[in-house]
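J.: All chains, please: the whole structure from these sequences, using the hints.
For the record, the sequence lines run as chains A and B.
Straight run, no breaks: the first sequence in the numbering used here ends on number 304.
Straight run, no breaks: the second sequence in the numbering used here ends on number 608.
Don't read these hints as lab results, they were simulated from the structure.
It is possible that some hints are incorrect.
Sample of chain B residues with no beta-carbon within 10 Å of chain A, all distances over it, derived [said to hold, decoys possible]: (1) 308; (2) 350; (3) 435; (4) 472; (5) 584.
Per label pair, the in silico range of CB-to-CB distance [as the list claims (entries may be wrong)]: (6) B:405 with A:303: 42 to 48 Å; (7) A:145 with B:603: 32 to 38 Å; (8) A:303 with B:408: 41 to 47 Å.
Distance condition first, Cα-Cα at most 30 Å in a straight line; then the derived BS3-like pairs of lysine-lysine [to be verified]: (9) A:110 with B:414; (10) A:206 with A:239; (11) A:84 with B:581; (12) A:277 with B:414; (13) A:110 with B:543; (14) B:467 with B:481; (15) B:459 with B:564; (16) B:414 with A:239; (17) B:459 with B:529; (18) A:218 with A:260.
Please read all numbers here as calculations on a predicted model, not as lab measurements.
Glycine included, C-beta positions come from ideal geometry on N, C-alpha and C.
Protein chains: 2
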Amino acid sequence: VSFSLTILGSSSALPTSQRFTSAHALTMHGHSYLIDCGEGSQIRLRQLGISLRRINHIFISHLHGDHYYGLYGLITSLNLLGRKNDLNIYAFPELYQLLNLDRDIFPHEKLDYNINIIPLNNESPQIIYENKNIEVLSIPLRHRIPCCGFVFAEKEKPRKMLKEAILKYNIPIACIKGIKDGNDYICNDGRLISNNLLIESAPPQKKYAYINDTLYTKSVIPYVKYANILYHEATFDEKMIARARQTCHSTAKQAAIIAKESEVEKLIIGHFSARYKELQPLLNEAREIFPETYLAEDGLNFNF
Amino acid sequence: VSFSLTILGSSSALPTSQRFTSAHALTMHGHSYLIDCGEGSQIRLRQLGISLRRINHIFISHLHGDHYYGLYGLITSLNLLGRKNDLNIYAFPELYQLLNLDRDIFPHEKLDYNINIIPLNNESPQIIYENKNIEVLSIPLRHRIPCCGFVFAEKEKPRKMLKEAILKYNIPIACIKGIKDGNDYICNDGRLISNNLLIESAPPQKKYAYINDTLYTKSVIPYVKYANILYHEATFDEKMIARARQTCHSTAKQAAIIAKESEVEKLIIGHFSARYKELQPLLNEAREIFPETYLAEDGLNFNF
Numbered sequence: 001v002s003f004s005l006t007i008l009g010s011s012s013a014l015p016t017s018q019r020f021t022s023a024h025a026l027t028m029h030g031h032s033y034l035i036d037c038g039e040g041s042q043i044r045l046r047q048l049g050i051s052l053r054r055i056n057h058i059f060i061s062h063l064h065g066d067h068y069y070g071l072y073g074l075i076t077s078l079n080l081l082g083r084k085n086d087l088n089i090y091a092f093p094e095l096y097q098l099l100n101l102d103r104d105i106f107p108h109e110k111l112d113y114n115i116n117i118i119p120l121n122n123e124s125p126q127i128i129y130e131n132k133n134i135e136v137l138s139i140p141l142r143h144r145i146p147c148c149g150f151v152f153a154e155k156e157k158p159r160k161m162l163k164e165a166i167l168k169y170n171i172p173i174a175c176i177k178g179i180k181d182g183n184d185y186i187c188n189d190g191r192l193i194s195n196n197l198l199i200e201s202a203p204p205q206k207k208y209a210y211i212n213d214t215l216y217t218k219s220v221i222p223y224v225k226y227a228n229i230l231y232h233e234a235t236f237d238e239k240m241i242a243r244a245r246q247t248c249h250s251t252a253k254q255a256a257i258i259a260k261e262s263e264v265e266k267l268i269i270g271h272f273s274a275r276y277k278e279l280q281p282l283l284n285e286a287r288e289i290f291p292e293t294y295l296a297e298d299g300l301n302f303n304f
Numbered sequence: 305v306s307f308s309l310t311i312l313g314s315s316s317a318l319p320t321s322q323r324f325t326s327a328h329a330l331t332m333h334g335h336s337y338l339i340d341c342g343e344g345s346q347i348r349l350r351q352l353g354i355s356l357r358r359i360n361h362i363f364i365s366h367l368h369g370d371h372y373y374g375l376y377g378l379i380t381s382l383n384l385l386g387r388k389n390d391l392n393i394y395a396f397p398e399l400y401q402l403l404n405l406d407r408d409i410f411p412h413e414k415l416d417y418n419i420n421i422i423p424l425n426n427e428s429p430q431i432i433y434e435n436k437n438i439e440v441l442s443i444p445l446r447h448r449i450p451c452c453g454f455v456f457a458e459k460e461k462p463r464k465m466l467k468e469a470i471l472k473y474n475i476p477i478a479c480i481k482g483i484k485d486g487n488d489y490i491c492n493d494g495r496l497i498s499n500n501l502l503i504e505s506a507p508p509q510k511k512y513a514y515i516n517d518t519l520y521t522k523s524v525i526p527y528v529k530y531a532n533i534l535y536h537e538a539t540f541d542e543k544m545i546a547r548a549r550q551t552c553h554s555t556a557k558q559a560a561i562i563a564k565e566s567e568v569e570k571l572i573i574g575h576f577s578a579r580y581k582e583l584q585p586l587l588n589e590a591r592e593i594f595p596e597t598y599l600a601e602d603g604l605n606f607n608f
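T.: As structure tokens, then:
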């Protein structure tokens, strides 16, 4: 199974000529998820050959425009493309008004499909979506307005008996369930066979964490721990730390500290202030602490 | 004085990987005007090096999303850039609600400048804006919802006496005002001197006409007559004329007929349906009737 993350927009509030505002497309187990939807997200999806029709779930971290203004166009285009299936949007509930879904001022653009707004909660981490393969956790962040990060994690797979162990130790069927649940096995001759000799080692569960926008906060660490990829905003460099604090954003160094303490495989930094023409200094700053850091760039794709 | 038109978006309802939705930037006498504002207009402006700050007047033809969804991001960015001056938007009045300017659901993105919505009228042509150099006329079009075209025309300049004529015919100051208003002059010896021998010939007035979206209608001809550039939508080719009628759009051939009968200098066609991968057939179709036809393309610039 392949997992794929594509950066659709990597700028913060102001887009630049090269960088659109925040949006990521994540593909896990054949489903595509859109995370944030800045202006022009539908255009980036087209440019990168990602089908709009395959998106059924959109996760909006918070209601600053650079994270949701692309919904207007995307919602309209899905309608023009003949969508009939519900579209689920996980967001703070004011989005309903912001999209004007609460009033009938636009009868000529009536949607032929239904939009469900699934409200986020800024109080505590919550599982907001799950299917048989993955679950999505929302984590409260610390921004100027209510804001959540999202963790997409594969569910633990049922563990399988090793066939050769069944034969070798002559294990009766009645014991197999217990072994799958973690029991060791005691042979007729009294030998104890450790569970890990009887069971296939579990494939590691894939995990993607999206932390955008937030003041530096270690409260996210337990939730993003061991992620294959951690995306963490790095709006500023360490020289601008006062500005970062004032606007509830993070620096590249702070993102790297979170990555290191969370023992993730890879860190992607993004949501760059439009003031940075050159991002190498932010990358260097982060790599001093966490070498496996990469710069987000519109169109960049990461498989994991 | 140079006049410049830049195409920011040339697709119809659905953007493509190359074409954003409708938006034109027009510069006349040092002022920039934005005409329609499809999603991503602010990004195109940045990519083309046109200053966002110089835009004080935005003209929105109608309230289908592909003509105004870019306003959300542009309005927010102008605020982030520190705008204090009023922004004037000429549009059908429902835009006020669509932009959520009527309700206080978004206190964290309070604007530090004022937006004036100047309502369009779908009943009759009206001058909706003028300054000392130009005037802008709105013209009712025939679309599925109220929709206007816009004609940007230089005002007639005050005509000047030819100095050599004053000397040659010994014209008294008392007669000059009448001559400027168009009078001929009768010399003391009874000779009649025709007005055009006394007055500088007026420089031709520059004119740009924007006709987007509309069913084919000759009613626009008197207003777009003799334009330097006529932009006319050509969503479809002639083979799709039934679809054009059904959706209140025009074909490339119909756009060319309007251009020919209006005796314009140059026709630009645009607002192409996303179904056309190749636009040469639309261009050929129009050029058979009006050879001075050009295809709109994002980023293309026309001086006139």
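J.: Tell me, which hint numbers fail for this structure?
T.: 2, 10
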